[in-house]
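Enquirer: Protein chains in written order, with the numbering used here: chain L, 69 to 363; chain R, 69 to 363; chain Y, 69 to 363; chain U, 69 to 363.
Mixed in with the good hints there might be a few duds.
If several chains are the same, the list does not tell them apart, and a pair holds so long as it fits within one copy or across any two.
Stated by the list, open to error - With a Cα cut of at most 30 Å, we get these calculated DSBU-like pairs of lysine-lysine:
hint, residue 1, residue 2
1, LYS227, LYS111
2, LYS232, LYS111
3, LYS358, LYS282
4, LYS358, LYS111
5, LYS175, LYS111
Hints listed in this document are in silico derivations from the structure and should not be mistaken for laboratory results.
4 protein chains.
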Amino acid sequence: MTPPVTLVALLHGPDQRGLVARVAGWIFSRQGNILHADQHRDKEAGVFFQRVEWEPALSRAAKGASRAAVVESEASAFTAFACGELQMQVRMADSAHRKRVAIFVSKADHCFHDLVLRWRAGDFTAEIVAVISNHANLADVTQGYNLPFYHIPVTAATKVDAEKRQLAILRESGAELVVLARYMQVLSADFLDAFAQPVINIHHSFLPAFAGGKPYHQAHARGVKLIGATAHYVTRVLDEGPIIHQGVAQVTHRHGVDDLIRYGRDLEKQVLAQAVRWHLENRVLVYGNKTVVFD
Amino acid sequence: MTPPVTLVALLHGPDQRGLVARVAGWIFSRQGNILHADQHRDKEAGVFFQRVEWEPALSRAAKGASRAAVVESEASAFTAFACGELQMQVRMADSAHRKRVAIFVSKADHCFHDLVLRWRAGDFTAEIVAVISNHANLADVTQGYNLPFYHIPVTAATKVDAEKRQLAILRESGAELVVLARYMQVLSADFLDAFAQPVINIHHSFLPAFAGGKPYHQAHARGVKLIGATAHYVTRVLDEGPIIHQGVAQVTHRHGVDDLIRYGRDLEKQVLAQAVRWHLENRVLVYGNKTVVFD
Amino acid sequence: MTPPVTLVALLHGPDQRGLVARVAGWIFSRQGNILHADQHRDKEAGVFFQRVEWEPALSRAAKGASRAAVVESEASAFTAFACGELQMQVRMADSAHRKRVAIFVSKADHCFHDLVLRWRAGDFTAEIVAVISNHANLADVTQGYNLPFYHIPVTAATKVDAEKRQLAILRESGAELVVLARYMQVLSADFLDAFAQPVINIHHSFLPAFAGGKPYHQAHARGVKLIGATAHYVTRVLDEGPIIHQGVAQVTHRHGVDDLIRYGRDLEKQVLAQAVRWHLENRVLVYGNKTVVFD
Amino acid sequence: MTPPVTLVALLHGPDQRGLVARVAGWIFSRQGNILHADQHRDKEAGVFFQRVEWEPALSRAAKGASRAAVVESEASAFTAFACGELQMQVRMADSAHRKRVAIFVSKADHCFHDLVLRWRAGDFTAEIVAVISNHANLADVTQGYNLPFYHIPVTAATKVDAEKRQLAILRESGAELVVLARYMQVLSADFLDAFAQPVINIHHSFLPAFAGGKPYHQAHARGVKLIGATAHYVTRVLDEGPIIHQGVAQVTHRHGVDDLIRYGRDLEKQVLAQAVRWHLENRVLVYGNKTVVFD
Chain L
69 MTPPVTLVAL
79 LHGPDQRGLV
89 ARVAGWIFSR
99 QGNILHADQH
109 RDKEAGVFFQ
119 RVEWEPALSR
129 AAKGASRAAV
139 VESEASAFTA
149 FACGELQMQV
159 RMADSAHRKR
169 VAIFVSKADH
179 CFHDLVLRWR
189 AGDFTAEIVA
199 VISNHANLAD
209 VTQGYNLPFY
219 HIPVTAATKV
229 DAEKRQLAIL
239 RESGAELVVL
249 ARYMQVLSAD
259 FLDAFAQPVI
269 NIHHSFLPAF
279 AGGKPYHQAH
289 ARGVKLIGAT
299 AHYVTRVLDE
309 GPIIHQGVAQ
319 VTHRHGVDDL
329 IRYGRDLEKQ
339 VLAQAVRWHL
349 ENRVLVYGNK
359 TVVFD
Chain R
69 MTPPVTLVAL
79 LHGPDQRGLV
89 ARVAGWIFSR
99 QGNILHADQH
109 RDKEAGVFFQ
119 RVEWEPALSR
129 AAKGASRAAV
139 VESEASAFTA
149 FACGELQMQV
159 RMADSAHRKR
169 VAIFVSKADH
179 CFHDLVLRWR
189 AGDFTAEIVA
199 VISNHANLAD
209 VTQGYNLPFY
219 HIPVTAATKV
229 DAEKRQLAIL
239 RESGAELVVL
249 ARYMQVLSAD
259 FLDAFAQPVI
269 NIHHSFLPAF
279 AGGKPYHQAH
289 ARGVKLIGAT
299 AHYVTRVLDE
309 GPIIHQGVAQ
319 VTHRHGVDDL
329 IRYGRDLEKQ
339 VLAQAVRWHL
349 ENRVLVYGNK
359 TVVFD
Chain Y
69 MTPPVTLVAL
79 LHGPDQRGLV
89 ARVAGWIFSR
99 QGNILHADQH
109 RDKEAGVFFQ
119 RVEWEPALSR
129 AAKGASRAAV
139 VESEASAFTA
149 FACGELQMQV
159 RMADSAHRKR
169 VAIFVSKADH
179 CFHDLVLRWR
189 AGDFTAEIVA
199 VISNHANLAD
209 VTQGYNLPFY
219 HIPVTAATKV
229 DAEKRQLAIL
239 RESGAELVVL
249 ARYMQVLSAD
259 FLDAFAQPVI
269 NIHHSFLPAF
279 AGGKPYHQAH
289 ARGVKLIGAT
299 AHYVTRVLDE
309 GPIIHQGVAQ
319 VTHRHGVDDL
329 IRYGRDLEKQ
339 VLAQAVRWHL
349 ENRVLVYGNK
359 TVVFD
Chain U
69 MTPPVTLVAL
79 LHGPDQRGLV
89 ARVAGWIFSR
99 QGNILHADQH
109 RDKEAGVFFQ
119 RVEWEPALSR
129 AAKGASRAAV
139 VESEASAFTA
149 FACGELQMQV
159 RMADSAHRKR
169 VAIFVSKADH
179 CFHDLVLRWR
189 AGDFTAEIVA
199 VISNHANLAD
209 VTQGYNLPFY
219 HIPVTAATKV
229 DAEKRQLAIL
239 RESGAELVVL
249 ARYMQVLSAD
259 FLDAFAQPVI
269 NIHHSFLPAF
279 AGGKPYHQAH
289 ARGVKLIGAT
299 AHYVTRVLDE
309 GPIIHQGVAQ
319 VTHRHGVDDL
329 IRYGRDLEKQ
339 VLAQAVRWHL
349 ENRVLVYGNK
359 TVVFD
């Protein structure tokens with residue numbers, strides 16, 4: 069069965085009177101049906117944000133038109149309206165589109181298994197198109213999941229080449245999102261520029277505390293009573309990208325570093341999975357170094 | 069300074085295409101400015117819910133008109149539109165209106181102090197117009213807060229009379245909301261009918277577990293590892309009204325009944341305060357035996 | 069490398085002066101070294117509970133003796149002391165013993181994968197000796213984990229026979245614990261009597277609310293703002309056994325039954341895994357219908 | 069009624085075999101009764117920590133002796149034993165002793181009211197002996213609570229003098245603990261040296277993130293999805309002292325700085341109250357820059 073055509077628009081721009089009405093009115097005037105609409109105003113910055121999801125009437129009318137043509141035409145029309153009349157920036161998505169996702173992983177496999185199992189349970193509207201690792205240890209299990217595995221070792225000396233190979237795989241597989249599922253390598257600015265698509269990372273700490281390496285060791289040394297995990301978009305500055313989601317767990321003096329790492333694994337899994345899900349559902353709008361999450 | 073005129077409408081009714089656009093369009097066509105709009109669909113029941121808050125243009129235009137007249141006229145016009153054209157049920161409120169609240173309390177005073185202190189800190193858009201207790205112990209402290217205190221003892225024999233006196237006070241003080249801040253008496257159906265305004269209760273358990281009396285003793289006897297608190301609207305059926313908010317805390321075998329009660333006090337305070345705040349901000353819409361909370 | 073010999077004793081019985089000292093003194097007098105000791109008093113019931121873990125000196129002294137012989141002899145000696153002199157009930161365990169665990173599962177596989185992956189990550193001191201399901205769908209993946217899978221369909225007509233086959237497998241595999249990882253069948257009293265070892269279940273609700281079937285549907289119908297999961301030992305009375313652990317998550321009117329089920333899966337995984345871990349580490353002491361968890 | 073004599077000892081020192089038994093044995097040999105005993109080993113550092121609470125037999129035997137004399141004599145004897153034979157550091161306390169507490173506060177009054185109301189509800193084994201503020205706004209309400217209020221303004225120019233006056237009040241009132249209930253002034257090293265007793269502060273952030281001023285503004289600017297509060301002992305280095313307790317709350321893009329501040333107030337109240345309670349119950353042992361909390 070063809071899924072019904074529903075579109076999502078993520079809009080933002082200078083606040084002005086009547087934006088909600090004008091967006092809703094545009095959709096209604098074309099006999100579309102709004103399924104969800106959520107908006108936010110950053111009063112200090114004077115910025116208006118909106119996520120609106122609707123079913124265009126075209127999907128019923130133009131029986132002859134292909135699904136793709138309907139989406140294409142409605143999306144262009146709305147983009148023209150939003151950028152032109154409303155002077156807003158807009159990102160459009162087809163709700164039914166299954167984004168193509170590449171997972172980068174190192175030796176630690178808990179986030180990897182968690183993402184794949186959730187995906188197989190139907191939690192993510194996505195295709196996993198590549199699993200890329202700098203270690204070989206997950207090759208068999210990845211193939212057990214019927215997913216393509218690419219072993220690309222990375223050393224200081226080979227990093228430039230390794231990233232080229234990674235980019236080639238991303239290009240060939242049509243990846244639209246990279247998820248760093250505890251991938252312990254820093255991606256270069258060149259890589260990020262060349263990929264030019266979102267990259268989500270899970271940092272095993274509640275940023276901005278304990279940025280950098282070995283955060284559980286840092287947390288233990290400081291004697292904190294809480295540990296956290298942070299999912300964020302990757303930018304050129306390590307651990308400084310827009311935060312999508314954070315979680316925490318209470319700890320005590322009884323917990324050694326090993327316990328923090330073990331509890332942390334649960335946090336990392338949940339926080340990363342939630343952030344990925346929101347991204348795939350087109351619920352996350354980045355502006356400046358922050359996110360608006362329409363959950 | 070006169071506060072700006074902003075109105076809130078809480079709407080619900082059968083779902084139909086274009087509701088978001090028609091509501092927004094109506095407001096926009098009168099040069100109003102939507103500040104917040106949030107909606108929800110219960111797909112199973114086919115019901116549409118919306119909370120919309122806007123600044124009517126009248127507040128700028130009709131310089132001569134009183135604030136009250138502007139609110140009155142816009143509210144009537146919108147109600148006519150919503151009930152008539154849209155066939156929706158609607159409840160209108162003036163955002164700046166400080167609801168008149170009566171607090172009912174027994175001996176336990178933690179929720180009482182908590183509500184009053186939050187109110188004094190400016191957390192609630194409300195006036196506390198009466199504190200009514202079946203015990204005298206809070207008379208002095210209530211007067212210390214400059215609030216009117218009414219001591220109305222209640223026994224099985226005097227209950228009918230006591231409720232009459234309570235109703236008289238509510239009527240005279242113009243109360244629009246009763247908050248049962250650990251008031252340990254059950255209100256009769258007659259009382260609820262006569263008051264005919266919302267009553268919020270805090271039940272010291274996560275309903276529906278441990279309804280009825282002495283929930284912490286029940287919880288301890290069952291050996292649960294969590295305790296909770298539930299804020300709900302009061303209906304004729306004890307502890308069965310629509311739930312507004314719930315909270316929980318982890319407990320262990322080390323916690324005796326006294327500890328559960330002590331931890332419970334914190335939960336009760338927070339859960340009740342949050343529910344009252346949402347109610348006062350016109351964020352809670354009741355339908356059937358449930359609530360939609362536009363938070 | 070042989071693991072060091074460490075023993076755990078779980079004691080309980082009538083409270084009396086000097087119990088802590090007498091237990092510690094007995095161990096010390098035999099040159100043992102206490103690694104952990106934790107105790108609890110139920111003042112109302114007058115019951116004393118203790119978990120003590122120690123390294124017997126014998127492990128250093130009797131070089132000739134086998135590990136098993138050392139454990140055996142120290143455990144018997146302590147049991148004689150605790151039951152005789154102290155008049156306490158005692159359960160002894162070798163800390164290094166990897167308990168033999170059978171997992172029962174139906175179609176829903178999230179708890180199953182979660183347990184197996186945690187076990188492979190080294191979180192559980194255990195061997196998984198059998199995976200038993202009334203459906204065949206997990207046969208391949210279980211074999212992919214190199215674990216023995218037994219498909220035993222269960223219908224009302226075949227239940228008695230099916231339980232006999234299950235018991236035979238448990239006996240042959242030497243299972244010391246059964247974990248019901250969302251196994252949707254009720255075990256008969258006969259089965260429980262015959263197995264005579266602990267059985268841990270995950271109930272997808274915060275008991276005692278929503279006992280019985282389809283708890284997420286019940287929760288949704290009641291309009292609760294929290295959902296929970298409860299891990300408990302199985303007794304003859306459905307959903308009434310001693311609670312080991314409970315977890316909750318906040319939900320809103322936006323969450324349909326499907327969302328509750330999805331959020332619930334995360335809760336179920338974590339709550340069950342934590343309960344199983346505590347059990348395997350000999351941290352759970354059952355008395356009456358409650359547990360003392362020495363965490 | 070004279071409360072029963074119970075003593076608490078907080079011990080720590082190099083780990084050695086038999087410590088649990090020797091402490092328990094010492095108490096038992098004098099016919100004392102251990103009520104609670106909890107211990108912890110920092111394996112890396114090789115340090116043993118213990119909190120033991122017991123009822124000395126003397127309290128029953130020496131009918132003639134005053135309560136104070138009994139406590140004094142048992143405490144000295146235990147200290148001699150612990151420091152001498154065991155080579156441990158020890159801090160002794162009389163469980164029934166109501167510590168004398170001074171509260172320092174600035175304009176924000178939520179933690180102040182919270183502490184006083186909990187104290188009046190019997191949650192704290194303490195006497196509040198002084199309320200000291202650099203502002204006069206809480207004078208009346210403090211007197212309403214029948215507590216002594218001292219208004220000591222602080223400017224850069226008068227700080228040295230102001231601290232002298234504060235110290236004089238602490239000395240006269242016999243304060244054994246200072247609680248900084250959102251006191252917005254930094255205490256000088258000289259003050260801390262001269263007072264030479266514990267000072268507990270509530271920092272409105274989960275340290276080490278957002279140390280320093282205006283943490284809610286910092287958090288908002290960074291776009292975090294969690295805010296926190298940290299109760300810690302005050303040391304010479306601002307916001308770097310041993311952490312006693314931390315709490316967090318989830319926030320979203322919808323929360324402006326004002327909302328963070330409002331939610332933060334709840335966190336601050338709870339986290340500070342819990343830390344103060346643990347301290348008053350002699351449950352907190354500081355070592356290095358960390359705490360062991362025997363909860």
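Enquirer: Name the hints, by number, that the structure is in violation of.
Expert: Violated: hints 1, 2.
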